[in-house]
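Protein sequence lines, in the order shown, are assigned to chains A and B.
The numbers in my numbering rise by one with no breaks, and the one at position 404 of the first sequence is 404.
The numbers in my numbering rise by one with no breaks, and the one at position 247 of the second sequence is 247.
Since the hints were derived computationally from the structure, they do not count as laboratory data.
None of the hints are false.
Partial pick of chain B residues on the chain A-facing surface, computed with a CB cut under 10 Å:
1) Gly78
2) Phe104
3) Gly111
4) Gly250
5) Ser310
6) Gly356
7) Leu394
Predicted model, so just to flag it, every value in this text is computed and none were measured.
The C-beta atom is built at its ideal place from N, Cα and C for all residues, glycine as well.
2 protein chains.
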Amino acid sequence: MMNKNDLKPFFEPQAVAVVGAPRKPGFGYSLPLQFKEQGWVERTFLVNRNGGELHGYKVLKNISELPDHVDLAIVLVGAKLTTTVVNEIGAKGIKHLIIQSAGFAETGEEGQALQKDLQQAAVERGIRLMGPNCVGLVNTRNRFTTIEVVEEALTPGPLGIIAQSGAFGNVLLDEIHQRGLFISKAVTLGNRVDVDESEILEYLHRDPDTRVIMMYLEGVNDGRRFLGTLDKVTRDKPVLILKSGRTDRGQAATSSHTGSLSGRDELFEGAVEQGGAIRCRTLAELIAMARVFITQPLPAGPRLGIITSSGSLGALAVDTAVDNGLILPSPSMRLVESLRENSPQWMSIGNPLDVGPSGQYPTSLVEFVNDDSFDIILAVMIVPYAVVKRAKQLGVSAKAWFGDIRNSRAGASEKPMVVAMVGAREFREEITGVAGPGIPVLDSPEPAAMALSALWKYARQRSKSGSAAPERPRK
Amino acid sequence: MMNKNDLKPFFEPQAVAVVGAPRKPGFGYSLPLQFKEQGWVERTFLVNRNGGELHGYKVLKNISELPDHVDLAIVLVGAKLTTTVVNEIGAKGIKHLIIQSAGFAETGEEGQALQKDLQQAAVERGIRLMGPNCVGLVNTRNRFTTIEVVEEALTPGPLGIIAQSGAFGNVLLDEIHQRGLFISKAVTLGNRVDVDESEILEYLHRDPDTRVIMMYLEGVNDGRRFLGTLDKVTRDKPVLILKSGRTDRGQAATSSHTGSLSGRDELFEGAVEQGGAIRCRTLAELIAMARVFITQPLPAGPRLGIITSSGSLGALAVDTAVDNGLILPSPSMRLVESLRENSPQWMSIGNPLDVGPSGQYPTSLVEFVNDDSFDIILAVMIVPYAVVKRAKQLGVSAKAWFGDIRNSRAGASEKPMVVAMVGAREFREEITGVAGPGIPVLDSPEPAAMALSALWKYARQRSKSGSAAPERPRK
Numbered sequence: 001m002m003n004k005n006d007l008k009p010f011f012e013p014q015a016v017a018v019v020g021a022p023r024k025p026g027f028g029y030s031l032p033l034q035f036k037e038q039g040w041v042e043r044t045f046l047v048n049r050n051g052g053e054l055h056g057y058k059v060l061k062n063i064s065e066l067p068d069h070v071d072l073a074i075v076l077v078g079a080k081l082t083t084t085v086v087n088e089i090g091a092k093g094i095k096h097l098i099i100q101s102a103g104f105a106e107t108g109e110e111g112q113a114l115q116k117d118l119q120q121a122a123v124e125r126g127i128r129l130m131g132p133n134c135v136g137l138v139n140t141r142n143r144f145t146t147i148e149v150v151e152e153a154l155t156p157g158p159l160g161i162i163a164q165s166g167a168f169g170n171v172l173l174d175e176i177h178q179r180g181l182f183i184s185k186a187v188t189l190g191n192r193v194d195v196d197e198s199e200i201l202e203y204l205h206r207d208p209d210t211r212v213i214m215m216y217l218e219g220v221n222d223g224r225r226f227l228g229t230l231d232k233v234t235r236d237k238p239v240l241i242l243k244s245g246r247t248d249r250g251q252a253a254t255s256s257h258t259g260s261l262s263g264r265d266e267l268f269e270g271a272v273e274q275g276g277a278i279r280c281r282t283l284a285e286l287i288a289m290a291r292v293f294i295t296q297p298l299p300a301g302p303r304l305g306i307i308t309s310s311g312s313l314g315a316l317a318v319d320t321a322v323d324n325g326l327i328l329p330s331p332s333m334r335l336v337e338s339l340r341e342n343s344p345q346w347m348s349i350g351n352p353l354d355v356g357p358s359g360q361y362p363t364s365l366v367e368f369v370n371d372d373s374f375d376i377i378l379a380v381m382i383v384p385y386a387v388v389k390r391a392k393q394l395g396v397s398a399k400a401w402f403g404d405i406r407n408s409r410a411g412a413s414e415k416p417m418v419v420a421m422v423g424a425r426e427f428r429e430e431i432t433g434v435a436g437p438g439i440p441v442l443d444s445p446e447p448a449a450m451a452l453s454a455l456w457k458y459a460r461q462r463s464k465s466g467s468a469a470p471e472r473p474r475k
Numbered sequence: 001m002m003n004k005n006d007l008k009p010f011f012e013p014q015a016v017a018v019v020g021a022p023r024k025p026g027f028g029y030s031l032p033l034q035f036k037e038q039g040w041v042e043r044t045f046l047v048n049r050n051g052g053e054l055h056g057y058k059v060l061k062n063i064s065e066l067p068d069h070v071d072l073a074i075v076l077v078g079a080k081l082t083t084t085v086v087n088e089i090g091a092k093g094i095k096h097l098i099i100q101s102a103g104f105a106e107t108g109e110e111g112q113a114l115q116k117d118l119q120q121a122a123v124e125r126g127i128r129l130m131g132p133n134c135v136g137l138v139n140t141r142n143r144f145t146t147i148e149v150v151e152e153a154l155t156p157g158p159l160g161i162i163a164q165s166g167a168f169g170n171v172l173l174d175e176i177h178q179r180g181l182f183i184s185k186a187v188t189l190g191n192r193v194d195v196d197e198s199e200i201l202e203y204l205h206r207d208p209d210t211r212v213i214m215m216y217l218e219g220v221n222d223g224r225r226f227l228g229t230l231d232k233v234t235r236d237k238p239v240l241i242l243k244s245g246r247t248d249r250g251q252a253a254t255s256s257h258t259g260s261l262s263g264r265d266e267l268f269e270g271a272v273e274q275g276g277a278i279r280c281r282t283l284a285e286l287i288a289m290a291r292v293f294i295t296q297p298l299p300a301g302p303r304l305g306i307i308t309s310s311g312s313l314g315a316l317a318v319d320t321a322v323d324n325g326l327i328l329p330s331p332s333m334r335l336v337e338s339l340r341e342n343s344p345q346w347m348s349i350g351n352p353l354d355v356g357p358s359g360q361y362p363t364s365l366v367e368f369v370n371d372d373s374f375d376i377i378l379a380v381m382i383v384p385y386a387v388v389k390r391a392k393q394l395g396v397s398a399k400a401w402f403g404d405i406r407n408s409r410a411g412a413s414e415k416p417m418v419v420a421m422v423g424a425r426e427f428r429e430e431i432t433g434v435a436g437p438g439i440p441v442l443d444s445p446e447p448a449a450m451a452l453s454a455l456w457k458y459a460r461q462r463s464k465s466g467s468a469a470p471e472r473p474r475k
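Bound conformation, chain A alone:
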């Protein structure tokens, strides 16, 4: 059995060595600069056989010169030198390594042999190893990051990321904060000769900062262990998974990327399903799902209510919701009567409730959200920009147009609620402001319906598996 704290020095090292720190711009060049900017300068040591100075650091010529409290090394030397360097690091007594170097199993036979040597050296030395062919990790709690990210990506949040590929992890970190997603930890696995997806899943399961887990995989190291781990983790935290290598040709692509054997997709699909995780079909879906799972409580039932200012977009959302296990009950008689009283004759009162251009969105929204017929709310908003532009000249705000979205749920805070807004880009920010951080504003109706369906699916299976009551997201 592995020691529970075995991974701790990866995330909370005392001091870090960068071995093979490059002198010229290119891969890994900025790493020491990044450490400096994150406040890690005094805990960082560079090694390069030429010595001298770099980015204001003194460069050590040999690994043996490193101080004894260094407990994590990041390796950037070429693939052929890696095993030698790993042995030297091991001899120094450093037990945690992140190998960023590429050129291993993903490149063919010769690389496979190099990777085997590397793995053997790690086992012999009792070294824990991330990679090779990865970029390591981010921990927003202590602002330690071996991945070059923008400042905003280090804002602490509840999302844990496991990405097989460095580039993927990197770009998620760079992009998702622009959609209001903030992370706890992010780990890139690369060719995973040692640390794998199951072990990181377990780590994030224990991590109190992580509430939802997002994974990008190209394959699974140990199918049985992965299924068992998922089954445990998903009782407490939702796991969203995007996997490539569905097709034979896609598998060939993952093999030359991270040396992964993705295996038969049906087996993976089965493991995900049985393990209680949510499989996403596209990158865009993964991000939309994360936004909804992070911000919304779990629904008490599958009854979806859709309010919309566009009948078409409402109908598109219905198809997706029904295809994925939600039901659309009629509104209560009380709601129908109340709406009928205050609406133009042509307004279509039902579910979806299509208010059209009646101007009734604000008042209808509050009544609709609070109707007992619904467990889940999707508010679809269409914003014809020409109309908005004119309205804005007359001083009409997004709030006047669609109502006080954030507070419409005040009396029904147990219901998950999502906005899907289609239309003028210029109006999106204003709507997002009115919705507040607790209600995500997605840009299309189908992904919103899909994410709400997944939320119900997760809630149902968790209640079946007899887990504790769902933890509520922080407001």
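Guided by the hints, dock chain B onto chain A, whose structure is given.
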């Protein structure tokens, strides 16, 4: 048989009457203002039984006062008054009407009766009618529009739109110009008591300004005619279709929206397939497809080449492409050798060609695009913003990073090419500039692969049906 020019006064009226022009802000209020802004003030006449003045127009009290050269009337009166007004308009000799009023079949039994009366009046008077429950149309050639749109939406382009719903048409018009899509004509059908999707399809087929047709439907008026029309139209112009009402519950939603009976979805699916059209599954997919069909030539074969700076995103694109009928051949030996010579050892040379952070994108791109192994090119670009930010400080441009995208295809202009860029929003505009208007920059790999697959599917079936050589898009 209908007269070919029967629809002309809808798109090219001599003069227009707005009947029931509202005096208070709300639906239809801005229509006369819009006419004024588009330069139609002298050809516009308002009718409202109260007379007086509105937006600087003199308001006529009676339809009979309209000048004789008015050949199109837009009706905004309440549903219950509509048939009376239509009779008066018919008596005046106006034969083309757009009924924007709602409150007909979509609202239930009473509305169904009103709609029946309306239809009968139109038949008796020999009137051609769009709607009710629609917002009419746009013709960018003469800048005539009964839909309130922003100025930019009136820029002429090759895309024809048929939207069952007014709101849908409106929002497409408002949004798609922000993605580089410009239209020829757009028509909203509403409850289509007379003019329907097949007739407009035929009109757009003949329209020399229209090269690609995009449809949003909630149902089909006459299945047999629709199939026959599609079959004819798609021999010359691609037709992209998004339809709601797939599920029973979704059908109920369309019925209360535009009174449409969407029918069994399998039948519709079959008609689309047999008729040679492309069915899109989501709004986002519809827009991505239109961007690719508008800008790209039809491929000579199914051989897709993917160049990427992220192995993961490359693999995701592979899965989608293979699932949808494309194949990924290996690059030619000549290309492999040339790349091997100039690349770092770890670089994965194949298809996808994953250049990673080698800095080889610009040179590899040109060689890759011109390799005879490929009929279609997908260039996936991942942009880690942290890295970009630092690079920009050093003066590195998007062009230096990814190469001269636009001119990389100079020697292979017969190949469709699409960019999928994931990452920092701030870099997107620059990449779009480097790609130029002829190469769309989508924001995710899967929709790009999906659209390229559809392009090949369309090309193949068109060559089977023995159509003339594909028309090339304008550069």
